[in-house]
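K.L.:
Full structure from sequences and hints, please.
Each residue of the sequence shown is one higher than the one before, starting from 1 at the first, in this note's numbering.
There's no promise every hint is true.
Said to hold, decoys possible - Derived CB-CB ranges, DEER-like:
#1 G132 x L93: 38 to 48 Å
#2 E135 x M91: 25 to 35 Å
#3 R115 x E43: 47 to 57 Å
#4 I137 x D34: 21 to 31 Å
#5 P105 x F173: 37 to 47 Å
#6 V124 x A90: 22 to 32 Å
#7 T87 x P55: 11 to 21 Å
#8 L162 x N103: 14 to 24 Å
#9 I117 x M91: 21 to 31 Å
#10 H159 x L130: 32 to 42 Å
It should be emphasised that the hints constitute simulated quantities derived from the structure, not laboratory data.
Beta carbons are placed, not taken as given, at the ideal position from N, Cα and C, and that holds for glycine.
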Amino acid sequence: MIYLQLFWAFFISNILGYGGGPPSIPLIQNEVVDHYGWLSMQEFGEILAVGNALPSPIATKLAGYIGYQVAGVPGAAVALLATIAPTAIAMILLLGFLNLFRNSPQVKAMTQSVRPIVTVLLGVMTYEFLKGAVEGIGWMQTGILTAASFLLLEKWKLHPALVIVMAMGYGFFFIG
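P.N.:
Here it is as C-alpha cells:
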C-alpha cells in the first residue's frame, strides 16, 4: 500500500505542478507533510534546501530522497517513476497537439493564468517555512539569516548554493 501512496502523492503533485519544479514543490509539500505525514515541515524544508544546492530538477531529487526515506530503494524508484510519468505522458500525448495551437490566445491565457497561482503557492510555503524557523530558532536568528541571505543573493549576486552552504555553516556554529 505504501508504494501506491508514494506513487499517487508524487504523480498528483507533478501532474498538477504545471511549469516545472517551483509549482510542484508546494504540492509535494502538501502531500508529504500535510496529507501523509511522512515528514515534518522542518524536515521538508531541510531536504528542499539541500536539494536546491544540488544539480538537476528539484522534483526528482525530492522524490528520490523522500521515496527512499519512506520505503527504501523500491520507494525511491516508485516516487521517481511517479514524478517522471506525468511529463512523459504529456509529451507523448499532448506536445504535438499543443504545438499546433501555441499561438492561440486560449493557450497563452492558460499559461499566463498559472503564474499568479504559483506565486500564491510559493508565498504560502515561504510563510510556513518562516513560521517554522521562528518557532525553531527565534526571531533574532531568523532575521539575521534572512537579511544576510537577501544581501548575499540580491546585492552581491552570490550563487544560491553558496548561500545555502553558508547558512548551514552559520547554523552549525551559532545555532546548532
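K.L.:
Which of the listed hints are broken here?
P.N.:
2, 3, 5, 8, 10
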